[in-house]
Amino acid sequence: MSMALGRRLAASLVRAAWPSRPGCGLPRRVLLQYRSVSAAGSSMASGDAQHQAVRLSGTELAKEVRTGLQDEVRQLQTKYPGFQPGLAIVQVGGREDSNVYIRAKVKAASDIGIGARHVQLPRHTTQMQLLQTIQGLNEDPTVHGMIVQLPLDSEHTIDEDKVIEAIDPDKDVDGLHPINAGCLSHGQMRHGHLPCTPWGCIQLIQRSGVEIKGADAVVLGRSKIVGSPMAELLKWHHATVSTCHSRTKDIEEHVRRADILVVGIGRPHFVKGDWVKPGAVVIDCGINAIPDATKKSGHRLLGDVDTEEVSKVASHITPVPGGVGPMTVAMLMQNTVRAAALAVEREHRQSWGLEPLTLTPLSPVPSDIDVSRAQTPRPISELGAAVGLLRSELDLFGQTKAKVALSVLNRLQHRANGRYVVVGGITPTPLGEGKSTTTIGLSQALGAELGRNVFACVRQPSQGPTFGIKGGAAGGGYSQVIPMEEFNLHMTGDIHAITAANNLLAAQLEARMFHESTQTDAALFGRLVPARNGARAFSPIQLGRLRRLGIEKTEPDALTEEEVRRFVRLDIDPETITWQRVIDTNDRFLRRITVGQSDTEKGRTRVCQFDITVASEVMAVLALTTSLRDMRDRLGRCVVASDRAGHPVTADDLGAGGAMTVLMRDAIRPTLMQSLQGTPVFVHAGPFANIAHGNSSVLADKIALKLVGEKGYVVTEAGFGADIGMEKFFNIKCRASGLAPDAAVLVATVRALKMHGGGPAVTAGVPLAPAYTQEDTALVEKGFANLNKQIQNTLKFGVPVVVAINKFSTDTDAELELIQRLSRAAGAADAVICTHFSGGGAGARQLAEAVELACQQPSSFRFLYDLTLPIVDKIRIIARQIYGADDVQLSEQAQAQVERYTRQGFSELPICMAKTHLSLSHDPSWKGAPTGFTLPIRDVRASVGAGFLYPLVGTMSTMPGLPTRPCIYDVDLDLDNGDVQGLF
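For what it's worth, our numbering labels the leading residue of the sequence shown as 1319, then goes sequentially.
Please note: incorrect hints may appear among the correct ones.
Derived DEER-like restraints, expressed as beta-carbon distance ranges [unchecked claim]:
1. PRO1748 / LEU1660: 47 to 55 angstroms
2. ALA1841 / PRO1697: 57 to 65 angstroms
3. ARG1924 / ALA1849: 29 to 37 angstroms
4. THR1396 / ARG1373: 31 to 39 angstroms
5. PRO2088 / PRO2176: 43 to 51 angstroms
6. GLU1627 / ARG1575: 39 to 47 angstroms
7. GLN1395 / ALA1704: 24 to 32 angstroms
DSBU-like, lysine-lysine: derived pairs with alpha carbons at most 35 angstroms apart [what the hints assert, rightly or not]:
8. LYS2029 / LYS2114
9. LYS1553 / LYS1381
10. LYS1567 / LYS1542
11. LYS1614 / LYS1381
12. LYS1397 / LYS2029
13. LYS1542 / LYS1425
14. LYS1381 / LYS1397
15. LYS1613 / LYS1630
16. LYS1397 / LYS1425
By construction, these hints were calculated from the structure, which means they are not laboratory data.
Backbone N, C-alpha and C define an ideal beta-carbon position, used for all residues, glycine too.
Using the sequences and the accompanying hints, generate a full structural model.
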């Protein structure tokens, strides 16, 4: 070795040539004190027989790497409580040499704090079964790194290349996937994972102090695991690299030129001492088992280099064992921790960096469906990935809709929630005031204009209004959910699932009453608990009924005659039945029907009714449930009637709770869609606000709050006016979810205030009177009484209020500024004029900024009433404080139901008032903010599964009817291209 090279080696001791990589945790300094390289060079050049190369201990360096990784894992766990890096090692068969390697990897992982999982498959595993296993691990969010132990010990032929290619490149911690190999080939070493053995070799070379830059490097071998990637790594560290292989001529001459020699060919002692350039650094990747009777194992391990000879010439050499092997495992651990760190950082990133879809508003604004069709949605799989959803958490319904797995909540359980904003409104006209449009416009402004992480959470529309008089519910203009026809028609079938589950229970109710009336106790018992293979057994749901009856026996034959009678006889009182059939259509002639008129029902007729599906308790259960188990429990608790002794009869008593859950198993997952500007939207559940609680699902809100992160926003809509949807949001939905809102938005229009000020009647389908298109500030000021009341109603819950004034083209500046001034004086944090219908998110930018400021105000959220109060007292509090009534008056039927539910133990449920949405009172013709009235309560019903009691105020109907000219006249299909026409 020349003196110049010796000086260069000495100087390089203080350098670190390896580029920094996020999460590496490797030491950045040379950690060993070496002998003088200059002196070593002199002795080697003179042929000093006493010279011995420095041993580069992979064992020592690997230990230091593991120590650094332990610190890094602890830091990650401090930053993200509950987090643990995960490594899966997949093995086919049970080769002992593979088992030894796997045990070493599992131990190293455990020492560092990595959760290692050994997935051992039998030798008869086929290629398809192995690929399915890999796909399952790809989709497992707790697995951050995965390796497949080679060789595969299978009875079947398995293509190893296909196996490697099946691994998610982000989890390919062996660095063998073609994408990772491609990154290395292109010098993109900060991306993907580097192969473990070559990366470990680089660390050992750097440990020697030799500067790789400018050195002549020779790699013996060109395997995909060692040789080829090793040559690439040396090249990108600026060495001049030659690769030798079995076809290379005069291989010794190539080797003699090497300042750095890396050998990995699988031939023991192939490289001899006289092949090696004096002072070279030699990295021996070979490991060959040679029979040796003197060893306990029966063999000894040799490298590809004749260590004894080469040590007399080289400056540094790696031993076998104890050299490259430990570093390979260490780099595997390094890749795993890096993969885990990147994954958890992705999960907790503060900004999605979501690029909005371009919006070019036209004037005048085209029809909603034309606006929707003019936009090209982002593929929903791309949107899901952008907002932090894993591929395994998305179930695609075409290109624009996807169901989202509830497992997201478990994966992100330690992540802080975002800001929670509810959108309500003043008491609306029959035309609606743009609350859904404002919900979407605000979310577009927060996301597309201000760059915040934001989700809108809205209800799924019912086909009743869609084909009736109201039309769709996707928002409108340039603030809507797209594609609007897919949003408004069927979606992912949730409402149909609700209809099926509801009507299954209704059918079982009728059938059970029929069978009890026509059979003896013994016959009923024989059919309910039939003998199979000579033995009887209760089903799990039947055992639950026995326990509720206080019967602890589990063997059918052990029941006494009295216990059999109690078990088989529900003894339902038909006069107490509250469970109705449902259909998702406005059908006025189903408001009162007679069932059982066929001769086969033997004269057992009953007068009943249909409700619209969105009024079903199953819909309310879906909207309020917090998990699949919770939904199963709620469905089982649904009370359908009372027995003749006054005890409640439930869906589980009828044996239907489990079957209903099966029908609802897909519906429980929220549906991901997007707004016109590409911001994410969850569409889930759709209870009406006037006859149910009127809010989208708790689950959608909870998942969205985790996905947006601590600095993000979730905008959720409450149906109709704040006296209905928002009051129920606070008192019912927030109790079920445990969430507290940060701010509330009240949507108001000049048109609605004029109506409340005494303007002419507003009727759907009839042109507006001139009073609504001409300036009249006096009428606006008088009608402000309604908006003032809704502001005060919201403030009662301790939540800051922002008024969103949805501007129409006929509104004047004087009218709009008056509303702003009056709203601020009434206690609103701000009142903002919005043009999101015509301008998209840009038209709601000031609203978004006002909402951000409101969310920064201290919130002292509180409920309106204590659940332990008597039922009538809770009804009275809502009537007086929210509606402005003096008192309530219960009919005899309502009073009887209150007494029944109190006896049955349901008195501590919250109250869900079923009331007209067109007035603060029970009379839709009373506008403004009426006072001094008595609120009539016609009936009280229980949705025990959903978790509330709902008094029926006045003449509320739970089945709408079609008008003279419903929307169906305009809806058709373009038979040439399949497009839906006429939706609005």
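Is LYS2029 within 35 angstroms of LYS2114, Cα to Cα? This hinted pair holds, its Cα atoms lying about 26 angstroms apart.
Assuming the hint says 57 to 65 angstroms, is it satisfied by the Cβ distance from ALA1841 to PRO1697 or not? Because 58 angstroms falls inside the window, the suggested range holds.
With respect to the beta-carbon atoms only, verify the hint that GLN1395 and ALA1704 lie 24 to 32 angstroms apart. With Cβ atoms ~27 angstroms apart, the hint holds.
Please check whether ARG1924 and ALA1849 have a Cβ separation lying inside 29 to 37 angstroms. Holds, at about 33 angstroms.
Straight-line Cα separation of LYS1613 and LYS1630 no greater than 35 angstroms? holds, 26 angstroms
Within a Cα-Cα threshold of 35 angstroms, do LYS1567 and LYS1542 meet the stated pairing? Since the Cα atoms of LYS1567 and LYS1542 sit roughly 21 angstroms apart, the hinted pair holds (cutoff 35 angstroms).
Given the range 47 to 55 angstroms, decide if the beta-carbon distance of PRO1748 to LEU1660 lies inside it. holds, 54 angstroms
Hinted pair, alpha-carbon criterion (35 angstroms max): LYS1553, LYS1381. Please report holds or violated. Holds. LYS1553 to LYS1381 sits at ~27 angstroms (cutoff 35 angstroms).
Is it true that the C-beta distance of PRO2088 to PRO2176 lies inside 43 to 51 angstroms, as the hint says? holds, 46 angstroms
Pairwise hint evaluation, LYS2029 against LYS1397, where the allowed Cα distance is 35 angstroms at most: holds, 17 angstroms
Quick one, are LYS1381 and LYS1397 close enough, alpha carbons at most 35 angstroms? holds, 25 angstroms
Please verify whether LYS1397 and LYS1425 have alpha carbons no more than 35 angstroms apart. Holds, at about 25 angstroms.
Checked against the numbered hints given earlier, the structure breaks only hint 6 and satisfies all the rest.
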